[in-house]
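Trainee: Each chain, letter by letter, is given below.
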Amino acid sequence: MLIELKDVAKRFGEGSLAVTALDDVQLLIDQGEFVVVLGPSGSGKTTLLNVVGALDAASAGTVRVNGVDITTASRRELFDFRARTVSFIFQSFNLFPGLTAWENVQFGVDAAGSDADPGAVLDSVGLGDKADRFPSELSGGEQQRVAIARALATRNPILLCDEPTGELDFRTGVQILELLQEQAGKGRAVLVVTHNREISRMADRVVELSGGRIVSDGAPRGGKTPVSELNW
Amino acid sequence: MRAGGLLLKWSWRDLRAHWPKVAAIAVVIAIGTGGYAGLTSTTEWRTISYDESYRRLAMYDVRVDLAPGSFVDQGTVAALVAEIPSAAAVSALAERLIIPTQIDASTDTETILVRGSITGADFSGDGPDVNSYHAITGRLLSQDDAGKPQVMLERTFAKFYGLPDSGRLAVSGDRAVDFVGQATTPEYFTVAPEGEMFMSEATFAALFTTLETAQSLAGASGQVNNLVLTLGPDADRDSIVAELEEAVASLPVGATVLTRDDNLSYTALTTDIDQDQAMFNALAALLIAGAVGAAFNLIHRMAEQQRREIGIGMALGVNPRVLAVRPLLVSAQIAILGVVFGVVVGVLIGNAMATVFTELIPLPVWETPFPTAVFVRVAAIGLIVPFVASAMPVWRAVRVAPIEAIKPSFARGQALKGRHRRRPGTTFAVMPFRNLRRSPRRTMLTIGGIAAALTVLMGFLGIMDSVFGAVDTAESEFTGDSPDRIAVALDNFYPIASPQIGAVGEAATVERVEPALRLPGSLASAAGEFEAFVDVVDFGGMWRPSLTAGEVGEGPGVVVSEKAAADLDLAIGDMVTLRHPVREGLAYRFVETEFEVLATHPSPLRGVVYVAMEHAGLFNLDGIANTVNVLPAGGMATTDVQRELFDLQAVASVQSVTAVTDAVRDAFGQILGVIQVMVFAVLLLALLIAFNTAAINLEARAREHATMFAFGVKMRTALRIAMTESLVTGVAATMLGIAGGLAMVWWMTSRLLAETLPEFALPVVLQTETLLFVVIMGVVVVAVAPLLTVRRMRRMDLPGTLRLME
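For the record, the sequence lines run as chains A and B.
So for the first sequence, this note's numbering puts the first residue at 1; every next one is plus one.
So for the second sequence, this note's numbering puts the first residue at 233; every next one is plus one.
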């Protein structure tokens, strides 16, 4: 298994102010899976993503990703883990405004020490002709595609996407989801966090969270739907 | 009311969240305003202190000096004064006896043999009515001490050598006298004996005693050779000087009438205050410019970080005026703290400078009032700047549609645009430069602030380097091939074959002697005139000046300093007027002679003029000498020679030829104290700017850092990027600061000090250590400033920062 979460809990604060964001989470994700984590605000879906991506530490339980137990890893090992195993795609893109599209993708190469060609990766997301543009010169959808290209350039096996279409219109959002789905087809595990139930229809698997607990885990209701049939 | 309370509470939370930055920016303002107030107000308190000190000790207005070695009966000159037409305008007078001497103030651990003088004055009644004394330690003499071998020791000399409040020393003829205290008098607020520079306390000791004691020590009972007088408030000093000159012409000996403006000690302290102030003003202007620029930049950036919240507030329908209050409250906190700290800094700098000056110049009155008027003016700047710095981004935020204010910074056109060449290497190497280019105004303000601080730093240090560089040049010139050379000044003119000069040559500690002449005079051309002293030396002897242009041939002529040639607009072969003494019988008369400029020498002392010994006849001094250059015998030190020659009656002083430069070096070493006070303030300023810039950068780029960490970029890489950015800023600021510093030093040496200290040639000299220090401060310290943010970087809430929607 690429991702294994066993008895994972995450609590914020202490005493009477303590909030349980994740509770008794068991989750297994294999490579090539396109998993949508669904849930309302405060259900713990982003926390789950952060725990898998080692941005946050679990309060209890075990998290093994790509064979590494990140719950016991040192700070240095966690940096290496993030560099070589997971790649993030954020709702608000988080591109470096001082770098061009090409350079933002090159950043992914530099961070992971991969051998990807930024130009080719940008071509693959349809932005080869905008390689020398700065983020401020790109539309929201283009910026998110650059962010995806940056993540792809790392060649890491896991893509962690936090509301990747949250700032985009429907049409652009669909393009982004198609891109992500392609990555699963290429053997990467893609974990998409969203509150948009419509998006979950395109997933191989939907993990639904409520109050920090997994309340359902399986194929989307009504079966997997092609992206072109989504509508929100 | 409730909104006001909320804003205050919110502002209080802002202060708690940002108090290190608020305090640091307040200190930046404080250093600028307090430093400005401290530096620009020296004229005020120096003038107050000098005037009151001269008034309290009744500095003379006019002085009559008899020719060296001449005496008249006590009362003779006073009687002449009483007969001049304006006698009623004379408010007080005192006849004195001033005799040159050698002084042995050696202690158990140090040999102190220096040239000096004994000034005898009338201590009856309340002491001398003119040029009275102020005891700093020990006690003042009184008429009860008349005739006793008791003296007061000039304070700066005693302090320089760390002598006790009372003790015993010896004067020429190995006569022991007891000093009962350390005192000062207006002519010695700074020690400036004739023929030497001011601040000569290391090489000249003045003893003050009763007239009777001085007469006894000089073997001149009932004789005087000096008179000083003060004038009433409405007196016409020039007329009285003219009347006195006419009156003293009747004396059987030569006499010169001088005013207090002819006294180097007085002019060095008073007439140059304004020019000193011009230098301090320039440095203060840079200091405040650097501080204000830096504070403006930092506050501006802090306020800009609230832009999004202002946008949200506007979107929620809050009145923009209300929204503007919060950032302005932070400005108010900074402004108030800045002014409060500024008072503290101003007081500290003022006190530090006053302490240094007090140590340097032992005035009886030192008044250093807090420069309230100056501070109020400059504090107004300190109050206004934070508001203007905040108001600009707030104004920009409230003028646009809420959505524009909410947009992230790069979407507001603050990012780079256009095509950029891809550069080799990793993006980590590109990022620092792009970050700087993203906000050129902010980058320039940061560079400007640090550069201004470094300019001031280099200005302070460079001026000292230039002074010490000139001293080194002078020392190198004086020593030449004979670094052990000792100058023996005689108390009068003696034939070279006289027993007095013979005795010097026969001394066991002396290997070789070479008689020479040193004469007072002045140099003049159509371009100007200034005091000079003429050294008549044997150009084929043990020492000769090095020549930078021209050559010394057979014919008569002078070798002048390069500075003299420049000031008098002289070229080699030009004629220059030398006013010099000529012997007539047993007396001397000043005449003006045209001399050809044969060559120039590199000494920074403008007034040094050399004439070849074979032309001593021009002064009617063939075969005569008043100084002897001496080389010590093998194994003998200067102190051995001093000890042996000290006992010879004709010897006025025995000093290494580097004694003067040593004294100047020591004197300027004391001034270093003033410089160090300011250097400390400037360093603090530069550090605060660097730290605050790094801290604000960290906040502004928090999301970029968080993204890097999310991609597994290590903290050291993120720090390296931040440090490279700081390094580039530091390098640019340092280059600008060095350029500014060089311009500052050039202006101070070539323009300001050329007027303040025209007697010295001060080339722009920068020691490698100074440059290194400035580079270390500007480059290294600024570059490593981001290290101070490591703790905050480590504690960064990664998920929270990444999800932050700008």
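Honestly, I wouldn't trust all of these hints.
Among the chain B residues that face chain A by a calculated CB cut under 10 Å, a handful are [unchecked claim]:
no.: 1; residue: Arg674
no.: 2; residue: Leu677
no.: 3; residue: Met947
no.: 4; residue: Leu951
no.: 5; residue: Arg952
no.: 6; residue: Phe1005
no.: 7; residue: Val1007
no.: 8; residue: Arg1035
Simulated from the structure, these hints should not be mistaken for lab results.
Even for Gly, the Cβ is constructed at its ideal location relative to N, Cα and C.
Trainee: All hints are to be evaluated individually against the structure, with a verdict given for each.
Mentor: Quick rundown of the hints versus the structure:
1. Arg674: 13 Å, violated
2. Leu677: Nearest chain A Cβ about 18 Å off; hint violated.
3. Met947: 8 Å, holds
4. Leu951: 13 Å, violated
5. Arg952: Arg952 (chain B) check fails; min Cβ-Cβ to chain A is 12 Å, beyond 10 Å.
6. Phe1005: 33 Å, violated
7. Val1007: 27 Å, violated
8. Arg1035: Cβ of Arg1035 (chain B) sits 7 Å from chain A, so the hint holds.
Consistency note: the structure conflicts with the earlier hints numbered 1, 2, 4, 5, 6, 7.
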